[in-house]
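The chain contents come next:
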Amino acid sequence: MADASRDVWITGIGIVSCLGEGPEAHWRGLNEPTPIVDVKTFAPYAVHPLCRVDFDKQIPKKGDQRQMEPWQRIGTYAAGLALDSAGVKGNSDLLGRMDMIVAAGGGERDWAADGAILTGLPKANDPERFLNERLMSDLRPTLFLAQLSNLLAGNISIVHGVTGSSRTFMGEETAGVDAVRIALQRIRANQSDIALVGGAQNGERKDLLMLYDFGGFGLKGDFHPVWERGSAPGFALASIGAFLVLESRDHAEKRNATPLAKLTQITVASAARQPGAVEASLDKMWGSLGSPDSVVISGATGCEPATSEERSFFKRHSQLAVRATGSHFGHGVEPQFIMNIAVATLAVHYGKLFAPFDPAGVEQSITGPVARAVVTGVGHWRGEGLALVERV
Amino acid sequence: MAELLDTAGRPVVVVTGMGLVTSLGAGKTDNWDKLTAGKSGIRAITRFSTENFKTRVAGTVDFVPVEPLSAPALAERMAEMAIEEALSESAIGRRGVFPGPLFLAVAPIEIEWPQRQELAQASGSNDAIGYDDLLRSAGTGQFRRFHERFLFGSVAYNLADKFGTQGSPISLSTACASGASSIQLGLEAIRRGEAEATLCVATDGSINPESLVRFSLLSALSTQNDPPESASKPFSKNRDGFVMAEGAGALVLESYAHARARGAKILGVIEGCGELADSFHRTRSSPDGKPIIGCIRSAIADAGLEPEDIDYINAHGTGTPENDKMECLGVTSVFGEHAKRLAISSNKSMIGHTLSAAGAVEAIFSLLTLDRQRIPPTINYAVPDPTIALDVVPNVARDAAVRHAISNSFGFGGQNVSLVMGREPRA
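Chains L and F are the protein sequences, given in the same order.
For reference, each letter of the first sequence is one residue, going 1 to 392 in the numbering used here.
For reference, each letter of the second sequence is one residue, going 393 to 819 in the numbering used here.
Be aware that one or more of the hints could be misleading.
[Stated by the list, open to error] Quick list of simulated restraints, FRET-style, between CB atoms:
#1 F:537 with L:392: 27 to 33 Å
#2 L:127 with F:458: 40 to 46 Å
#3 L:3 with F:454: 52 to 58 Å
#4 F:476 with L:275: 28 to 34 Å
#5 L:272 with F:455: 30 to 36 Å
#6 F:778 with L:127: 44 to 50 Å
#7 L:275 with F:454: 40 to 46 Å
By construction, these hints were calculated from the structure, which means they are not laboratory data.
On a predicted model such as this, the values are computed, not experimentally measured, just so you know.
Backbone N, C-alpha and C fix where the C-beta goes; we use that ideal spot for every residue, glycine too.
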């Protein structure tokens, strides 16, 4: 891109997960050898539970908190962290023209109400009438709003005043890739100056564990790092909130904002998943990034055959130092790619990479400064994405 | 010869193909004939029992056979039909290859009560059923098809594969504005040179007991069930809520340069788009109307036009007491004296609120309005609301000189989008 003033900078990050909240807690946690995972509460499924969060700090009104379930609370919280990080919280003029793209799934079911209905249905004389009556009487009227995919964005507008524009992308892992990609391209092309991009997940919910386990994608039993799940593949669902503030260099410089990193390029594909297709897709995208000399923050899920194909790609590029963050904070699906861009941002900002966490030897130690990081996002079912993050 | 760039120096974006399915029927011809004849697609719901429900009518699409029926399956099939019609008209690319990305507005996807019941039965539990039982059933591997069908991206993946769109498809939601957002994403992608053509699709087939209850519990739906055709009464004094409906719309957007080079017929122009989010409330708009006013103004400015250039507004016009009042406030604020001269009508009076599909379905009706120079009516207008002093084209369609039209979509969660459309590229 010839016009450097339209370079896209990452000027704020807001992250919360099982490792804690914020950059320091995450950097510490990523350097720890012990994963924080719960294999008991949702046995046989392994999940990465959210750290203790005081939601009052970012969602001051209890009334607002009550309108949400955990998924939207986690996201609204992380969005607030990102706005604080970028130094734009409370700047109502700027927030009034700030664009927003959220990668979202949907909100929590009322598990007790569902269970009561399922229990009663086989015994009901008129099952259709029974279902109608129970739905009308058992569902809290505002629960729908806590479930609606675009209402995470809606709540962020209400709580934090971000109202320039609001879009919500669905579609599992690629929703996160495309949310950042579209925000990046709009800023580059002068269609936007500053954007809040992110998503959240509540991994501690049986309705979501169920969706992925229909296809056998959930990690069950003992916990193993991502590269070692070959014989019992799967991802450990995670509670995660991850938001970025993306800004044109021009806009950032005018308000004296310090960049954390530059978001240089994002590429996405959706290969038909024949054997070898993921690896071929990674090859093609790697080439389009210019085969950069960089470290890799991998969003490998631990599902097969995608993880093996990604691993095979790294074997053929053995000079790359790879870190699979799924081993540390699990897989949040929609916000995962965005979370990993935040981790990549920290790596290039601090100029170093955290220690390997992988006895299987995929992850190698490195010495020397880190100026460039590529993020991978290979979806458990469909979609592949890469992002290039660079030191400013 | 009209310029290939608009007044802001951006590629002009035209429409070369359109496809439609609503409760009025399949295809543009059937829909347009009925719409301009003032016919309604709203009927008593027969898909499931509505006993004890306060709302018993909807614009269901019952003529599209889908087995087993689920919201994503119906949405996908209607989208296929709309896309086939649009691609056939556009004659772009070749069979199985569309030279651009897919933007799909779709309702959030989740498993439904028939699937939950299947899972409960399979668990073999005789006592109280809970999610542990459902998880046990899931773990048997016998329900793989539920994973594929009920992923959020499932409809988009299938459509992208079938029609050969480029890159990764985007599934999007801005509630009731979703269809308009899908067109906006296509417009922006072509303007920044990322694509020469985009397939913008919006679809919604989600009328089932729980979705009806959800809107009903928010007091958003009309309960004037008898007769069904008169339940949707936008701008009327006795309006009492919207009527849920199903449908799909598909548009092929293309740069004018690309369309002209291959000799494609230009069906209309997407001249501008405005969007603005509202931070007032999760379901109600800001009482001062500023987000709606700002949205409409920015759409007109984006099109390089003045308010006086707009002859017709295809209203969001849901028929809720709140929306129609706020939309009127927005329109009179933006257009001033000109608000009395332009026409504003609501397709939702006849096809109901097609939710995620609405913005695209109504953009297509707006383009047909421009092409045919004929404005569809707002039907069921028997008791005027004296506080809404606008020409709502009551009950009967009319021929008119329409140079430019705006289509409004204002969604739950405060997501507002307005599209400006014209007949042909301007020099």
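Tested hints:
1. F:537 with L:392: 27 to 33 Å: Since the Cβ atoms of residue 537 of chain F and residue 392 of chain L sit about 48 Å apart, the hinted range of 27 to 33 Å is violated.
2. L:127 with F:458: 40 to 46 Å: violated, 22 Å
3. L:3 with F:454: 52 to 58 Å: Hint holds: Cβ distance 54 Å, inside 52 to 58 Å.
4. F:476 with L:275: 28 to 34 Å: holds, 32 Å
5. L:272 with F:455: 30 to 36 Å: Holds, since residue 272 of chain L and residue 455 of chain F (Cβ atoms, about 32 Å apart) stay within the stated range.
6. F:778 with L:127: 44 to 50 Å: Given a distance of about 47 Å, which is inside 44 to 50 Å, the answer is holds.
7. L:275 with F:454: 40 to 46 Å: Holds, at about 42 Å.
Hint compliance for this structure: hints 1, 2 are not met, and every other hint is.
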